[in-house]
Every structure is written in C-alpha cells, then in structure tokens.
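Here's the letter readout for the chains.
There are 2 protein chains.
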Amino acid sequence: MPKIVDHDERRRDIALAACRAISKKGLEKVTLVDVAREEGFTTGMLAHYYQTKWEVVLAALRLMHLQLEARLEERLQRREMTLIDLLQSALPLTASTRAEAAAWLSLWGLAVTQPELLKWPQDIHADWRELIRRCVITSIDDASHWPDRLLDDVVSSIICFMDGLTVKALTRPRFYTRAEQLRLLKMHVDAVVAYARGSLKANPRVLSTGAELGA
Amino acid sequence: MPKIVDHDERRRDIALAACRAISKKGLEKVTLVDVAREEGFTTGMLAHYYQTKWEVVLAALRLMHLQLEARLEERLQRREMTLIDLLQSALPLTASTRAEAAAWLSLWGLAVTQPELLKWPQDIHADWRELIRRCVITSIDDASHWPDRLLDDVVSSIICFMDGLTVKALTRPRFYTRAEQLRLLKMHVDAVVAYARGSLKANPRVLSTGAELGA
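Chain order of the listed sequences is A and B. Here this note's numbering is used: the first residue of the first sequence is 1, the next is one more, and so on. Here this note's numbering is used: the first residue of the second sequence is 1, the next is one more, and so on.
Derived by calculation from the structure, the hints in this document are not laboratory data. Do not rely on the hints blindly, as some may be mistaken.
As the list claims (entries may be wrong) - With a cut-off of at most 20 Å between alpha-carbon atoms, the simulated EDC-like pairs for lysine to aspartate or glutamate come out as follows:
| no. | chain 1 | residue 1 | chain 2 | residue 2 |
| --- | --- | --- | --- | --- |
| 1 | B | 24 | A | 148 |
| 2 | A | 24 | B | 116 |
| 3 | A | 25 | B | 6 |
| 4 | B | 186 | A | 116 |
| 5 | A | 29 | B | 13 |
Unchecked claim - Some, not all, of what chain B presents toward chain A, calculated at C-beta under 10 Å:
| no. | residue |
| --- | --- |
| 6 | 31 |
| 7 | 133 |
| 8 | 193 |
| 9 | 200 |
| 10 | 204 |
C-beta atoms are modelled at their ideal positions from N, C-alpha and C, and glycine is treated no differently.
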C-alpha cells in the first residue's frame, strides 16, 4: 500500500521546523536549507509545499500565533479568569511566547525597508484584535454594555501597551522582568478600565461610532 | 594657513549622513561606503573618525536622539505645556521622528539574534527615562509629590505605551494615523495619571522604595 501523506500535518511540521530555525538564525538570515535541516527534510520536499523562504516564515508566524490563540481560547473557557490571567499568556514570559515575540520584532524591523512584509500578517492582526476584544468582554462584567467606540479604544490601548511591553521585555530584559511586566500590565489594564468607566459616567450618552481599527 | 578642521562638527556631519543612509538602506544593509557617498566623503576620512559601521550607526542613533531631546527641552522651557504637548514630539509624526523610530525598530529587530547591539544604547535609555520623568513633573502639578516608586511606574508605563504606539504607527500606518496616535496617547496619559492619583488616595502612605528601572 502506498504511504498516505497528510499534507496539512506535513505543512505543520515544516512550519514547526521553521519556528526553530528562525529562533536560531533570525528572520533575515534563515534559509530554506536551514528549515529543511531542522527535521531532516529535503529542500525538494519543502519546495512542494512552500515556494519561497518568506512563505515558510509566514507559515511559522501563523502557526505560533494559532498556538497562542489556542492557549487563550482554552483560558477563555475557564471561569473566574481576570483580564490579566488571560492577557499574560501573550506576554513573552515563556520560551515559546518569547520565540514568537522575537520573530515578530524581527519582522517589524525588516519591514522598515521591506514594507511588503507587512501585507501578509493582516489577517493575524484582525484575529488578534477580535480575541483581545473577547477577553475584555469575558472578564470585565460591564464591558459588554460599553459603546463600540469605547471598547475599540480599550482594545487598541491594551494591544499597543502589550506591544511596547514586548519590545521592552526583549530589549531590556534585566529591568522588564516577568514580575515587572505583569505589574505594569495590571496597572495599565486597571487604569484603562477605570478610565472607560469614568468616561461613561461623565458622558453616558457616548455615541457608538462603530469605528473600525486595525490591530 | 592650514585649514582648521572642527572634528566635532565633522563627526556630526558624518552622523547626519549616516541618518540619511540608514533611512534609505536600512540598518542591516547600510555600509560605510553608503554613508561616505551621502556627503561625498572618502571612506578614508570616515575611518579617521569611526572604525566600524556599527560605530557610525550608534553615532547616528545618538545624534537623532539628541535632536529629539533638544526639541523636548525647548518645549519644557515654555509654559502651559500639557504632558501630551511634550510627549507628542517623540511620536513618529514627522519625517525626522519617523526616521529615528524606524532606526530603533531596525536595531531592536536585529538585536534578536545580535544581542550585543543592545549594550551600546543603554545611556540613551537612561537619559530618555530621566527626560520623561521631568516632563511628567513639569506638566502634572501634583506629580512632584508622588512617591518615587509611583512616579517610576508612571514613567515606565508611558515609555512602554509610546514604544507600542511607535511599533503600531510604523507597521500599521493606515490605522494608527497621526490623530489616532494622539488620541490613544492622551487616553493612556489621562488613565495612568488618574490611576496614580487614585492609588495615592486609597493608600496615602505608599512607601517610596526608590526602585530603579531601566527605560
């Protein structure tokens, strides 16, 4: 009987190998040969699934992001989770979230001179934004009654803050330790939720503008 | 009479040329030859002042940062400046702050696999932190009475948020427009200042721990 190849699994294996190769050599220097070597694949086999290095890189970023979303989804199913409990699974506190954060930071840095690299991950950004919105609504009792515009602002603020915290955790790890990251994130979340409630109290007729923002 | 060369001025001219070369080719690909060509210098003349490409890059980053600090200092001298008026001069809203932000983002991305690149700019980080602290104290009436620990946290929070906003402005410029950046920064500053005041009211005997944090 001929061996049946599960192509989705094969793609996932390649993406996993790419994650490892990226964490060793960096986004700019990693090659298809490096990815193939990680798992003893041939470059010919790789070429059957991905044409260019950047396709593999994107697949690796997507895979890491899906794993992160799966962890967050799993936490969303549990009860009594605070917003900090939920969000902290996205901070670079473990080896895998750190590797993902490092890959994103590399991509952003390269995109300064190669802006076409930013076109690909737009769907990841949209999913991420939606997931953070669900985290806010699930863990903050009154947030489901907030006008869209206010909720959008809170989501944007949290996403920006977590990006900044990620940059700091990777570039100034001695100061932005695990405890410091969690403390600053908690402070930001507490501050911005209190701000949202205060602005509703001051102006209960805030109009929902349905403004759509990118992650 | 022999021509008198102002070496400091020469170094500044080279750093300026490096800023331009970096914005065109990116931190990774820029070469000493590119920098020399920008101003019609010879590479021999450059070598008299800087031995490696990375020394020139650091000089360029320092120069951009000094220019930014000078703009902020100038604003600090004026009266009636809000914290947003002060901080916005550091957001990537103009060609020059955008070029500086792009250079930093490139450096952070490269540092993922070359962490030694992060050793150099530590004094810039410390100066930056001190300057943001002065902005807070100058523009927020009661901040000079806040315990050190609380003031440190507010400074850390603002610095993290501005880093995140900068990443977003560079990687998602369509959504994080100038108006959106200013609106989100104002929201963050208002929220975190209110949080600081609230935490003092709730616990007026907050101890000053003198905790020292890195920018």
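Original post:
Looking back at the numbered hints, which does the structure fail to meet, lowest number first?
Top reply: 1, 3, 4, 5, 6, 7, 9 and 10
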